[in-house]
Amino acid sequence: MSAVASVPTLSRIIETHQRLKQQRPLVQCLTNSVSVNFMANVLLSAGASPAMVDNPEEAAIFAHYAQGIVINLGTPTAALVEAMKLAIQEAHQIQKPWVLDPIAAGALPWRGQLAADFLAYHPAVIRGNASEIIGLAGLGKNTKGFDSSNDPAHAVEAAVSLLAHTQVVSASGAVDHLVAKTVDGEDVHHWLVKIKGGSEFFPLVTASGCSLGALVAAYAGITDAFTAAVTAHAHYAVAGKKAHLKADAPGDFAREFINELYRVNAADFEQYLEFSVEEIAVAA
Amino acid sequence: MSAVASVPTLSRIIETHQRLKQQRPLVQCLTNSVSVNFMANVLLSAGASPAMVDNPEEAAIFAHYAQGIVINLGTPTAALVEAMKLAIQEAHQIQKPWVLDPIAAGALPWRGQLAADFLAYHPAVIRGNASEIIGLAGLGKNTKGFDSSNDPAHAVEAAVSLLAHTQVVSASGAVDHLVAKTVDGEDVHHWLVKIKGGSEFFPLVTASGCSLGALVAAYAGITDAFTAAVTAHAHYAVAGKKAHLKADAPGDFAREFINELYRVNAADFEQYLEFSVEEIAVAA
Amino acid sequence: MSAVASVPTLSRIIETHQRLKQQRPLVQCLTNSVSVNFMANVLLSAGASPAMVDNPEEAAIFAHYAQGIVINLGTPTAALVEAMKLAIQEAHQIQKPWVLDPIAAGALPWRGQLAADFLAYHPAVIRGNASEIIGLAGLGKNTKGFDSSNDPAHAVEAAVSLLAHTQVVSASGAVDHLVAKTVDGEDVHHWLVKIKGGSEFFPLVTASGCSLGALVAAYAGITDAFTAAVTAHAHYAVAGKKAHLKADAPGDFAREFINELYRVNAADFEQYLEFSVEEIAVAA
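Residue numbers (this note's numbering), protein chains in the order written: chain A, 1 to 284; chain B, 1001 to 1284; chain C, 2001 to 2284.
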């Protein structure tokens, strides 16, 4: 696991976003059936290139082409799980960043075990809603399946504990909470980044959370994991806020959100992004 | 099979709709690949919570979490069919309501046999278009696959015959025709409910019928099967009518429909809902 | 392989489009998971009837019901590939037209071999982006997976070489390039048709290329392969141009495109279609 360089700033977020649109990183998505179309459109509008190569025959080979990989446990099947294993083993081997989205891992034993096994291959980032992060860390039990019922602020302790396996953990929600660890020589620092989310309509648009995981993978293909996760969430939040201004129902919001992912520019980050970074104390 | 309490009225429809939005029942969807995203968004906008847990490893466990289940035969695969069997066996065991959508069951022998086998586990509601209801009842042959080519009025006899296996049968179309059986002590009554559908654009939006089946399952999670089926169709029809007023092509209609599923309120039911209930004579 | 009658003209394109809306051919789609919903909506709006019968148990039977079939290699799985083989063997046997969309066949060995095997069953039309056509013909290597990075003009030589297996090859892009062979007694003619594409937003809407392949299959169900391919691309280009006039971002474009596929009429073809037909010399 490579060291995380330093703490994201507004100017670095803006610069990273601009590079995404120039470089259009290729993202391999092994994801649930509900999300697959929306996720591809989110990546295309945001400035990346999706490839849903998710079969066991091709998953490992394609990891070499991809710049980032997202593994989403929403609707696992035996074949998809096999493909996931092959992809992340290869990704780990060749140091390709991958993102884990542990949907309902705390509620359902099969996928819970899968998620636990996958951690051994060190995702660059883990992204979920609060109940999923808590569930994955074994601190709670998600009783409502795929739904986001917990406040991300309650997931910080769980998120920190998952830093044993990854560089960054995001519990997204009304206010996204991201925790990360940076290493500076002998010094280890822990950070909590809060990003005000864009809209109360996000939970009413299926796969909007899943697609954020894919956008994190896209950014992880062009920068370090901490900057990637923060920039992806910032991009989402700003597009969401702009979309919310134009929509009063979920159908309109979903369409405007895709539009705004495409339109977001430096001035939008300056105007709409609300985020904070603080160092947090973590018991050794 | 539990008795069906009484005949739905406008006030009960309105009250049931309000409870849906408060309770947001969790719906387990084992459905076709075409419908999966639209169905999730329909449920979210309408006021329910979707969970596409559709693999054999988790389908039966999740039936315990879910308040309603929908089984849709649009694109069966060996693994999905296995998951369906496990889910409905468990649902039958623990008396969880489930809805059968027998897409093209009359046209294709494999899924026809599956649908016939599934009937033994007593769906609370069967929903299909007219040709599918006729096909399932063995009275006709659906020669155009997934398409809705028959008038629901022609499916009433077939629908009544299926009441041997279920509490409510819906043949949806330009005018939805629902038949149900109520038991009052020794007396058995049969009912025909007609609900004027919302828009000629529905057949041009893929998965709109499938997603209605899921909405029936959502309502079945909070009330009896008859009220659930009628309220779901009423919610759909009212949202469809409102959407139709704002759209003159299928792309706009699909988006406005999602918006209106979210917006529908008591006044809309009063203004837009056109339905009738009549007792029908059925030979013993 | 039947002879291709003659060269498409504007009046024949308009007449063919009108027949599509009258006849609403049934199209069997064996396609990737990303495309399946959008493809169905494209077919419905354009004037056809989709049926995603893509399992091994039913694929061959359904080929008898379908008027056209599309085989898309975007996300192959073992079961889907088996269904594809059964469908195209049957289609070949009963002379039902089918369209091959060889996504990333040049980049990934497994699907490359599949595509090569499928050619033995003579697709009526092969449709891909330039890099996929080049990849399939073995003339190049697609290094960016699902993306359209090559100019269709560079794919003409590759497309011509694929005429050994099919009647028409389309490399779609900013300007679609279609090549076809017509046989008139002893005389063989080769044609290059260029159709100016509709919008720079197409590459930002996932599955828009895949869905064009399905529309080719729809038209192939009602006319010869050459007319079918040209009319499908013309329908797409005209709808795309009209949609582009109303959209400045991908979310709006996708919705307007669905609307315009439905609205396109004879006057629109006359106003918006830009195409040319030229005979090309091909070494024997």
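Keep in mind that the hints were calculated from the coordinates and are not lab data. Do not rely on the hints blindly, as some may be mistaken.
What the hints assert, rightly or not - Incomplete in silico selection of chain C near chain B, CB under 7 Å:
| no. | residue |
| --- | --- |
| 1 | Ser2045 |
| 2 | Glu2058 |
| 3 | Ala2079 |
Unchecked claim - With a straight-line Cα cutoff of 20 Å, these simulated PhoX-like cross-link-like pairs (lysine-lysine) come out:
| no. | chain 1 | residue 1 | chain 2 | residue 2 |
| --- | --- | --- | --- | --- |
| 4 | A | Lys194 | A | Lys241 |
| 5 | A | Lys181 | A | Lys241 |
| 6 | B | Lys1196 | A | Lys246 |
| 7 | C | Lys2181 | C | Lys2246 |
| 8 | C | Lys2196 | C | Lys2246 |
| 9 | A | Lys246 | C | Lys2021 |
| 10 | C | Lys2085 | B | Lys1246 |
| 11 | A | Lys196 | A | Lys246 |
| 12 | B | Lys1196 | B | Lys1246 |
Stated by the list, open to error - Here are the computed distance ranges between Cβ atoms for each label pair:
| no. | chain 1 | residue 1 | chain 2 | residue 2 | range |
| --- | --- | --- | --- | --- | --- |
| 13 | C | Ala2078 | A | Pro109 | 25 to 33 Å |
| 14 | A | Gln22 | C | Ala2267 | 53 to 61 Å |
| 15 | B | Ala1174 | C | Gln2271 | 45 to 53 Å |
| 16 | A | Ala153 | C | Ala2174 | 20 to 28 Å |
| 17 | C | Ala2174 | B | Ala1266 | 48 to 56 Å |
Since we're looking at a predicted model, the values are computed, not measured. Even for Gly, the Cβ is constructed at its ideal location relative to N, Cα and C.
Right, here's what the structure says about each hint:
no. : hint                               : result
1   : Ser2045                            : holds, 5 Å
2   : Glu2058                            : holds, 5 Å
3   : Ala2079                            : holds, 6 Å
4   : A/Lys194 to A/Lys241               : holds, 16 Å
5   : A/Lys181 to A/Lys241               : violated, 28 Å
6   : B/Lys1196 to A/Lys246              : violated, 32 Å
7   : C/Lys2181 to C/Lys2246             : violated, 37 Å
8   : C/Lys2196 to C/Lys2246             : holds, 18 Å
9   : A/Lys246 to C/Lys2021              : violated, 35 Å
10  : C/Lys2085 to B/Lys1246             : violated, 44 Å
11  : A/Lys196 to A/Lys246               : holds, 18 Å
12  : B/Lys1196 to B/Lys1246             : holds, 18 Å
13  : C/Ala2078 to A/Pro109: 25 to 33 Å  : holds, 26 Å
14  : A/Gln22 to C/Ala2267: 53 to 61 Å   : violated, 41 Å
15  : B/Ala1174 to C/Gln2271: 45 to 53 Å : violated, 34 Å
16  : A/Ala153 to C/Ala2174: 20 to 28 Å  : violated, 49 Å
17  : C/Ala2174 to B/Ala1266: 48 to 56 Å : holds, 52 Å
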